[in-house]
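Residue numbers (my numbering), protein chains in the order written: chain A, 1 to 288; chain B, 1 to 288; chain C, 1 to 288; chain D, 1 to 288.
Treat the hints with care, as some may be off.
In this list, chains with the same sequence are indistinguishable; a pair is considered to hold if it fits within one copy or across any two.
Here are the simulated DSS-like cross-link-like pairs (lysine-lysine), alpha carbons at most 27 Å apart as the crow flies [as the list claims (entries may be wrong)]:
| # | residue 1 | residue 2 |
| --- | --- | --- |
| 1 | Lys151 | Lys173 |
| 2 | Lys173 | Lys284 |
| 3 | Lys173 | Lys282 |
| 4 | Lys284 | Lys151 |
Rather than coming from a laboratory, the hints here were simulated on the basis of the structure.
Protein chains: 4
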Amino acid sequence: MDSIRTVGIIAKPDVPHAASLVVSLLDWLDQRGIAYRLDPVAAAYAPGRGAAIPRDELPEGCQMVIVLGGDGTLLAAARAIAGRDIPLFAVNLGGLGFLTTISTNELFPELERALRGEHRIARRRMLACEVRRGEETVSRYIALNDVVITKAHIARMIDLVAYVDAHFVCRYKADGLIVSTPTGSTAYSLSAGGPIIFPSVAALCITPICPHTLTNRPVIVPDASVIQIVNSAADNDAYLTIDGQVGEPLLRDDRIICRASPHSLSLVRPPRMLFFDVLRQKLKWGER
Amino acid sequence: MDSIRTVGIIAKPDVPHAASLVVSLLDWLDQRGIAYRLDPVAAAYAPGRGAAIPRDELPEGCQMVIVLGGDGTLLAAARAIAGRDIPLFAVNLGGLGFLTTISTNELFPELERALRGEHRIARRRMLACEVRRGEETVSRYIALNDVVITKAHIARMIDLVAYVDAHFVCRYKADGLIVSTPTGSTAYSLSAGGPIIFPSVAALCITPICPHTLTNRPVIVPDASVIQIVNSAADNDAYLTIDGQVGEPLLRDDRIICRASPHSLSLVRPPRMLFFDVLRQKLKWGER
Amino acid sequence: MDSIRTVGIIAKPDVPHAASLVVSLLDWLDQRGIAYRLDPVAAAYAPGRGAAIPRDELPEGCQMVIVLGGDGTLLAAARAIAGRDIPLFAVNLGGLGFLTTISTNELFPELERALRGEHRIARRRMLACEVRRGEETVSRYIALNDVVITKAHIARMIDLVAYVDAHFVCRYKADGLIVSTPTGSTAYSLSAGGPIIFPSVAALCITPICPHTLTNRPVIVPDASVIQIVNSAADNDAYLTIDGQVGEPLLRDDRIICRASPHSLSLVRPPRMLFFDVLRQKLKWGER
Amino acid sequence: MDSIRTVGIIAKPDVPHAASLVVSLLDWLDQRGIAYRLDPVAAAYAPGRGAAIPRDELPEGCQMVIVLGGDGTLLAAARAIAGRDIPLFAVNLGGLGFLTTISTNELFPELERALRGEHRIARRRMLACEVRRGEETVSRYIALNDVVITKAHIARMIDLVAYVDAHFVCRYKADGLIVSTPTGSTAYSLSAGGPIIFPSVAALCITPICPHTLTNRPVIVPDASVIQIVNSAADNDAYLTIDGQVGEPLLRDDRIICRASPHSLSLVRPPRMLFFDVLRQKLKWGER
């Protein structure tokens, strides 16, 4: 990593103790001569300390982006940063997150370590998704967790036809379908019955949501696969959602094409906290 | 059951061979001097044989209602008939249904038997549901299968707080919640991970849909219970659906109150087909 | 309940702080002029305070039996007491149990209340089980939680054919089959994917363990049912277990017949702790 | 693959039509001047046609081994052949298997194709397993499907502590633990709730069997991982099973170490039958 001269700061709104933390952080950076760029939320927490910069433009010129919030804030930051090789330093403001594993207590010591270049980077694979309508690509997205197609309204279930590398998998009659990265395996996919996938496994997971056919179980495919989902539901009866945050309604015969993104996310991780340690705490697996 | 002088006929639209079946049925009834009342779909299948009568009014004066269709048609018929003690004679026009277990081949022999009063009646408990908003009851429904509260839009999950007989059960963070009768246990609840409940068990099942807390498992309560679900999702973020067919958007703090209905549904069943026989066929459990 | 003149005491072995608790309990009873009968473990905890009486004989002449231990101790006590209408007062010596919900802190206040006759009794349905071999009944058991048939050795799975009230349900190819009471629904059946059943639901649950046919889901039947499981595994390849504690190897063609016992268990429960409160704590469902 | 001069033949016992098939196969090979080596079962099916050779020695000098049977026969053959790069040609004598996808109708055409070198080879990763007791390795196994540790007797559950690459994962209280290859993901692991893993995914799956902690879900790790399971059950309370076929009782503190084997299995596959086609048929997913 280049030496850090400018950091971006992205914060979650409406967190009671966030304002004082942002101010302390800015003071700390000022003392070390490090410049910063603030997203609109961070700017609002620290009036007069810097202009509000839209999240999409925030990463420009930064060597690291600090996220203060929860996993949701980090997901949004990851999409904003996607395609640039800038590490995210993710601090959880509430409970431990699967992704935001640095606590506020650890913020300054870990930041100190990162400035010295002694931090550990975890790379997380992202998922590229495009929506094809007839011959045209009508939208493109990049996801850290998952690409989800669900029934949009009252409809009991929708019909989705899945292909992997052009081979027919099956026709799902279900509430929906989740295409998940290993990172996303502990998010929505887990609630829908999917397995936990270690981040470095080179795979994607297709998890059906409440499938009508009870034998339709989660399927793990190599991450070199191209996954294609053909929407057989009527116009606007199915909805596409990226990381649970953005999306659009789908039309009949839309094809959603998912593949591993050439970009991955660089996440600064505290040295003591490993994947299974986070799992044990989040899933209350108990201790030795 | 009173001797059958008039039957209602409710049919599923857009079934290729339904028109000729309806005509044969009317001829058969004419020969036996039995009057009939046709719903709009049945009337359209047999032009000139009778006026189209709205489903809600159809049961009046009937001693039996014949349903030609699938489980969906029967669910709609059951709600139309609810509160009147008129047996439903349910013929499946497509594949075997959980509820529509009489095949078209068996239609006339079974009808013959029913006219002689030799048929078996299965009683299915129904579920009464009301939506309370502040001090007011804003709507009432009756369900044969289930009362379902789900996230309405892009929202990842909604917060629903459940009480049984005024005792706090838990706060669910989930895609939604299903309150199911034993009859509905083989419908949506089964897809969401619920158990199969024999129709005569005096119980209701609360099945969470993709719960965030993995230990939130289906809960079976006595059917004398009053189940109350408080919607903690924002206005219009949650949607109420009855039997997968009708419903309405919910507002924050709406209370959905479910209890066993005083009414039950009377279903004419073929003498040889038992609950477990249907299960084995529908779920492909294999044979002896 | 009759006024309490004599109590039985059953204790779990090898619990560090149990000896002093037993001694305190005996002192407390002595002060109130209440006699006691000690099982071998309780007698060993309090040398010189009373003879060791086998558990089977312990309930004689008692108006209440105090169990000091965990759910396992209570299961054994329930079988020893079965058929006599003597309430069990179950104190957990370790963590909260599903059945042993009285903590050691609450022991004396709750006991005081019980002596005044102000305690609440919860009745739990038990399960009677017999093993038929040819024309003969070779053994009989009574279970509070469950009757379990599992593969005994290396065998990958066993064949078990289930009938409910003489109607064929299906042939299971599985690691085994659990027939559970509502009380047992939170024990082994839950681990095998079964639902949680409120204690007062008049039902039994048949839960397959790792079934080969993925659509073989838990089935809830009325507790008036007679459940018959025919063992199609070779001699000694299947094993019968009662409440996870006692049992025997099975021979091919043995029939295991389960039905609700005419006896139920009377459990003294603390007034504030309700079924869902225990569930929330044990399953870590979180709070309001 | 070398040109085929000698084939091994391994057959499943007690299959009614197998004898005539073996004889036809030997005639067919004789006509083409191809030598054969018969395992004891194949030799018994075709008396006088060749000596019975133990399975372990059978592969010597063969350029291909034909397996006539089901997936179980193939698993045994795979272990016999392990470490030698000889393709298995697996014909199912009964229903379609996940591994034995060549039907008896296809036997001779596919064999013709294989002799011409036009067949497709699918490589399946195998799993090496060793049992460490103190400082000593007491046994070594190789598995195509899975390494399974289960409770051996009546015991309700056992304690198993899992590590991945020396990092503590968790302490499982369960009926057992399955370490599965992608190939094994459609076998026992699927019954225990594991996902379906495409054969070419470079991963192993750790699936708990009926875990007491409901959040203990299947975990997918890279196949470069070393998985270590420490048995905390009492001597002989836990049992190790390889591919559901061979194994041994375990002692307390035994460590079972699993890692991807350097050897993989070469499987001759019919050109039209793809992984998802087999899945759809076996799991009855329905068609387009």
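Which constraints among the numbered hints does this structure fail? Numbers only, ascending.
As far as the earlier hints go, not one is violated by this structure.
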